[in-house]
Structures are given as C-alpha cells and as structure tokens.
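S.K.: Sequence:
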Amino acid sequence: MTTVTGAVVVNPGAPLQGDYTPLSPAWWAQRLMPRIEQQTAYASYYDASYTGDRQMRIMQAEYDRLFSFAVNAGRHPSHSSLPAHYLDGSHPWHMAHTSEITPPKSALAAVGVDVMAERLHVLGFAEAITSTQPDATVDPAATGPNFVPAVTEGWRRNDLDVMEPIATVETLVKGRVLLLVWPGKDGKSVVTVEDPSQMAVARRSRPPYDVLAGLKVYTDEWTGDLEYLVWCTDGMHTLRTIDGRMQEDLNAFEPAHKALDGEIPIVEMSNRPRLLRPPSSALTLVTPYADADALLMGWMLIAARFGALPLITLSGQQLPRAKNPDGSVKLDHEGYPIVESPYDVRADSLLVAEDPKAQWAKLDSSNLAGFVATLQEVRVAVRGITKVPALYYGEGTSAGQSGETVRAAETPLIHGAQLQQRVLGQPWRRTAQFMHRIDTGSPIELVTAWADPKTYVQSQAVDAMQKYVASGVPLEVALEQTGLAPEVVRRAVEMANQQKIADGLLLNQPLTPPPLLPV
1 MTTVTGAVVV NPGAPLQGDY TPLSPAWWAQ RLMPRIEQQT AYASYYDASY TGDRQMRIMQ
61 AEYDRLFSFA VNAGRHPSHS SLPAHYLDGS HPWHMAHTSE ITPPKSALAA VGVDVMAERL
121 HVLGFAEAIT STQPDATVDP AATGPNFVPA VTEGWRRNDL DVMEPIATVE TLVKGRVLLL
181 VWPGKDGKSV VTVEDPSQMA VARRSRPPYD VLAGLKVYTD EWTGDLEYLV WCTDGMHTLR
241 TIDGRMQEDL NAFEPAHKAL DGEIPIVEMS NRPRLLRPPS SALTLVTPYA DADALLMGWM
301 LIAARFGALP LITLSGQQLP RAKNPDGSVK LDHEGYPIVE SPYDVRADSL LVAEDPKAQW
361 AKLDSSNLAG FVATLQEVRV AVRGITKVPA LYYGEGTSAG QSGETVRAAE TPLIHGAQLQ
421 QRVLGQPWRR TAQFMHRIDT GSPIELVTAW ADPKTYVQSQ AVDAMQKYVA SGVPLEVALE
481 QTGLAPEVVR RAVEMANQQK IADGLLLNQP LTPPPLLPV
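All residue numbers for the sequence shown refer to my numbering, where the first residue is 1 and numbers rise by one.
A hint or two may mislead.
To be verified - In silico DSSO-like links for lysine-lysine, alpha-carbon gap of 30 Å or less:
no., residue 1, residue 2
1, Lys330, Lys387
2, Lys467, Lys500
3, Lys357, Lys330
4, Lys185, Lys258
5, Lys467, Lys454
6, Lys323, Lys357
7, Lys454, Lys387
As the list claims (entries may be wrong) - What follows is a list of derived Cβ distance ranges for each label pair:
no., residue 1, residue 2, range
8, Gly52, Ala353, 41 to 49 Å
9, Gly52, Pro443, 39 to 47 Å
10, Gln426, Lys185, 23 to 31 Å
11, Val406, Ala485, 17 to 25 Å
12, Asp186, Glu395, 16 to 24 Å
13, Pro412, Asp503, 41 to 49 Å
14, Asp186, Met163, 14 to 22 Å
15, Pro22, Lys185, 15 to 23 Å
16, Lys185, Ala464, 18 to 26 Å
17, Gly504, Ala464, 42 to 50 Å
18, Asp326, Leu351, 40 to 48 Å
19, Thr21, Pro412, 47 to 55 Å
20, Thr241, Ile101, 19 to 27 Å
21, Gly394, Ile166, 39 to 47 Å
The hints are simulated quantities; they were obtained by calculation from the structure and are not laboratory data.
Glycine is no exception: its CB is placed at the ideal position from the N, C-alpha and C atoms.
Please model the entire structure based on the sequences and the hints provided.
M.R.: Take a look at the structure:
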C-alpha cells in the first residue's frame with residue numbers, strides 16, 4: 001500500500017543550497033531535509049497532545065496570578081525586592097513571583113490512542129497463497145505452526161514483539177513511522193523503527209511508486225556532530241557537514257545486500273493514508289477537545305477553590321498611598337491619590353473598603369453545574385470521534401452489565417481496529433519480507449495474522465465452544481472462538497489428541513479377568 005502525497009513533496013524546481021551532483025547522496029540529503037522539518041513540526045504538535053505536555057498559556061497565567069502567594073506561604077514580596085516595572089504600575093506586582101502549581105492536563109488524547117493500540121497485536125506471518133506454489137502455501141488466517149519459521153525467528157531476534165506496539169502508538173500519534181531493514185555485522189537483518197522527525201523517504205512519481213532514497217538525520221550523542229545517513233540503491237552513505245557543505249565519509253559506506261536486488265528496504269507505516277494528502281494523526285480531531293477539556297478543568301478548579309472558601313471583608317482599612325521620591329503622595333491624572341493595594345481579591349479572598357461605613361452584600365457560593373455539563377459534552381464529542389466506549393473515560397462502569405452489552409458498546413471500536421489491521425498489515429508484511437530476504441537470500445510473499453480485537457466473555461465463549469464441538473466443528477476451530485492464545489489452543493488440541501490415542505490403546509487391550517477370591 002503506497003500512498004502518493006502532494007503536500008509534503010519538495011518543489012523539484014526549488015534552488016538547492018549547493019552544487020551537489022544530481023542523484024548523489026548529498027543531493028538527496030539536501031532535498032529530503034525540508035521534508036523531515038515538516039514532519040517534525042507536524043509530529044511534535046500531536047506528540048505534546050498525547051503526552052499532556054501542551055502548555056496552555058492562558059491557564060498557566062491564571063494559576064501563576066492566583067496561586068503565587070499561596071506557594072510563598074502567603075507572604076508578599078517587599079517593595080525593595082520588586083523590579084521597577086512592578087512598582088510603576090505597568091505590571092501587577094503580585095506577578096513578581098510565579099506559581100509552582102501546574103494546571104490540570106487532559107488525558108483525553110491518550111485514551112483513544114492507547115485503547116486502539118492495545119487491540120492491534122501482530123501474531124505472526126504466514127506464507128501467502130500464490131499461483132506458482134499452491135502446494136506449499138497455507139491458509140492466510142492460519143496461526144501457530146503454519147507461521148514461516150525464518151520470519152518468526154527474525155521477528156523475535158529483532159525484539160519486534162516489543163517494538164511493534166511502540167510503532168503502533170507512534171503511528172497513531174504522529175501520522176507515520178518508518179521501518180528500516182538493514183543487514184547487521186553478522187549478515188542477519190536488523191529492523192528498527194524510525195521517528196518521522198529523523199527520517200524521510202523520496203518516492204518515484206509513477207507506478208510502482210517505489211522508494212528512490214531515504215535520509216536519516218541525527219546528532220551523535222558522543223561527538224555532538226550532526227550526521228546524515230542516506231540510503232540509495234547501492235547502499236548506505238554517511239555524510240557530515242564540513243565548512244558548510246555535506247561531505248561523505250567513504251570509509252563508513254555499507255553496500256546493500258545482494259538479495260535486495262536494488263530495492264531500498266525502508267517501509268513507511270502511515271495512519272489514515274489518503275490520495276494526494278499526507279498521512280494524518282489520529283488526534284487531528286481530538287486535540288481541540290482535549291484543549292477545551294484542560295481549560296474547563298482548570299477553570300472549574302479555580303471556581304471551586306474561590307467559591308468554597310469564605311470571602312473576608314474589611315471596612316475602614318487604610319490602604320497605603322504611593323509616594324514620590326520627595327515623600328509626597330503621588331496623584332493620578334485627575335488629582336486623586338494613587339492607592340497601593342497589597343491585596344488581590346481573587347488570590348487573597350479579601351475585599352477591603354477604606355470607608356468604615358461600607359456594607360457588603362451577601363456573596364453566594366459558586367455553582368459548578370455549568371462546568372460539569374460542558375465537560376460532559378466535550379467528552380461525548382471525543383467518544384464519537386474515537387469510537388471508544390464511555391467506560392474507558394471513567395464514565396460509568398461495566399458492573400451489572402452483561403457481556404453482550406459490553407461487546408455491543410465496543411462494536412464501533414472493533415470495526416475501527418479491523419480497519420487499522422488492513423491498513424497497518426501491509427507495512428508489517430513488507431518489513432517481514434525484507435527481513436526474510438536478507439536472512440535467507442530468497443523472496444517470499446507473506447500475509448499478516450492479527451490477534452482478534454474483540455473482548456471475550458469467558459463464560460459465554462466456553463458455552464459457545466461446547467455447542468460448536470457438539471455440532472461437529474473441529475476442536476481447534478471451536479477453541480479459537482474463545483479468544484484463547486494460539487499457544488494454549490495448540491496445547492489443548494495436542495493433549496486432546498494424546499488422550500484419544502491413550503483411550504484407543506486402552507480399548508484395544510485384552511480384558512484381564514479379575515482374580516478369583518477364596519470362598
């Protein structure tokens with residue numbers, strides 16, 4: 001599945017910053033750098049939304065202003081310690097100290113991604129059915145012993161059972177990741193998951209849209225040098241910037257594996273690929289609601305704090321006047337004395353009037369019902385986008401609900417997971433095929449086998465399995481419907497077969513008459 005994108009393609013007619021030879025490694029690096037920069041800017045925005053690191057400046061300013069005194073044990077800074085711009089009235093002087101309290105951050109963006117990623121688990125790869133080798137193929141839905149052993153060994157050797165869920169999360173959040181397959185020092189394949197902020201590829205603009213070149217940019221953590229790795233059909237080139245120009249380290253060149261036959265083993269795994277548009281993050285529509293959720297939570301906590309605590313009122317309290325350098329009272333443009341108030345109504349929960357006859361009206365406590373209702377609407381909208389049931393957002397519980405009710409609520413989520421399996425299965429099998437070619441020297445066509453994303457209710461599954469067996473369905477097929485792990489299914493079938501053999505042997509043994517007892 002190759003997606004042709006237009007929004008991130010570098011303009012072929014754009015002037016290059018150098019006179020590099022066309023199609024040389026330096027030329028490709030120069031052209032792919034802008035794409036990496038675009039991918040980085042796009043990915044970082046949604047990555048911050050997923051991790052909860054997006055800084056809501058408006059809310060942080062509110063917390064700094066309202067809670068700064070609480071952090072400083074209620075003590076106001078003395079006038080001598082304040083900068084001049086806090087004394088001349090251009091800045092509120094209570095902003096001199098900032099709060100150490102961080103506003104609440106929304107977890108809405110992470111929930112949908114994590115729930116989807118948990119249901120996307122690659123079991124393995126089986127050889128695809130081909131017209132040239134019909135007798136050597138297996139059912140694409142087969143599991144366990146029918147997996148290709150060389151691929152299974154390479155998958156485990158490269159720790160892809162660990163990296164696969166990481167790659168899935170990164171793809172959903174950032175829109176894409178890149179899977180690189182390259183021979184290691186021992187000749188075996190090395191598979192890595194590359195971040196779009198470090199790697200990009202160039203594709204042919206006509207069918208079959210294969211990869212023409214790949215670039216990875218990174219900073220060496222030991223030397224601090226910026227290095228460029230460029231993959232071309234002949235191998236991997238290492239470039240460094242010297243005097244403002246990229247130059248290749250010829251000693252670091254690694255030739256391509258002969259089994260690759262000129263193909264560049266870089267696979268792009270994309271989320272929501274579309275024609276003539278770049279892949280998009282699964283958080284594209286969720287992030288605005290997550291921002292609203294964080295703002296509402298922050299404001300609700302402020303309202304709860306100041307609505308729950310009693311408001312102190314003082315009458316006849318003399319407030320200090322601003323003084324000129326000569327000691328006289330400073331006047332405003334209308335000739336009135338400028339009052340310096342050491343109090344903040346919201347931060348100090350204090351109202352002060354200099355008139356001793358001043359009277360205060362009743363101040364009612366705050367009502368948070370509006371915040372709660374608005375938060376509920378925000379989360380309903382997020383559930384509609386992510387197709388994730390309310391249970392995962394902490395709304396309600398599955399207690400008292402039947403298994404069928406839970407499964408019915410998850411139906412839209414399951415359909416979304418099955419769609420993702422069809423989309424993400426292609427880059428995984430392409431990666432496994434490259435891995436097999438490097439490890440064995442021979443090509444192979446594979447299909448990706450996925451774990452069932454459905455939630456199984458064990459009691460119902462066992463009851464259904466028994467009915468399948470009673471109706472003549474083979475035991476292995478019946479056990480697979482329970483959602484048990486393939487290893488457990490295989491073990492159960494083997495034990496059942498062994499028991500049948502043992503039962504058959506016992507039935508074939510001649511009956512031994514019981515010993516005669518003395519009369």
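S.K.: So, for every hint listed, does it hold in this structure?
M.R.: A quick look at each hint next to the structure:
For the hint linking Lys330 to Lys387, the alpha-carbon distance of about 63 Å lies beyond 30 Å, and the restraint is violated. Simply put, Lys467 and Lys500 have alpha-carbon atoms about 20 Å apart, close enough for the 30 Å limit, and the pair holds. A distance of roughly 26 Å separates the Cα atoms of Lys357 and Lys330; the hinted pair therefore holds under the 30 Å criterion. Between Lys185 and Lys258 the CA atoms are separated by roughly 15 Å; this keeps the pair inside 30 Å, and the hint holds.
Restraint check for Lys467 and Lys454: the C-alpha separation of about 20 Å stays at or below 30 Å, so the hint holds. Between the alpha carbons of Lys323 and Lys357 the distance comes to roughly 27 Å, so the proposed pair stays at or under 30 Å and holds. About 14 Å separates the Cα atoms of Lys454 and Lys387, which keeps this hinted pair within 30 Å; it holds. Range check, Gly52 to Ala353: about 43 Å between beta-carbon atoms, so the 41 to 49 Å window is met.
Taking 39 to 47 Å as the suggested C-beta distance range, the pair Gly52 and Pro443 conforms, at roughly 45 Å. Checking the proposed 23 to 31 Å range against Gln426 and Lys185 shows it holds: the Cβ atoms sit about 30 Å from each other. Against the hinted window of 17 to 25 Å, the Cβ-Cβ separation of Val406 and Ala485 comes to about 21 Å, which satisfies the hint. Between Asp186 and Glu395 the CB atoms are about 52 Å apart, so this pair departs from the stated range of 16 to 24 Å.
For the pair Pro412 and Asp503, the supplied restraint of 41 to 49 Å holds, since their beta-carbon distance comes to about 47 Å. A beta carbon spacing of about 19 Å between Asp186 and Met163 agrees with the range 14 to 22 Å that was offered as a hint. Pro22 and Lys185 have their C-beta atoms about 33 Å apart, which leaves the hinted 15 to 23 Å range violated. Restraint check, Lys185 to Ala464: a C-beta distance of roughly 51 Å breaks the suggested window 18 to 26 Å.
For the hinted restraint 42 to 50 Å between Gly504 and Ala464, the CB-CB distance of approximately 29 Å leaves it violated. Distance hint check: the CB atoms of Asp326 and Leu351 are about 33 Å apart, inconsistent with the given range 40 to 48 Å. A beta carbon spacing of about 53 Å between Thr21 and Pro412 agrees with the range 47 to 55 Å that was offered as a hint. Between Thr241 and Ile101, the C-beta spacing of about 44 Å breaks the proposed range 19 to 27 Å.
Distance hint check: the CB atoms of Gly394 and Ile166 are about 25 Å apart, inconsistent with the given range 39 to 47 Å.
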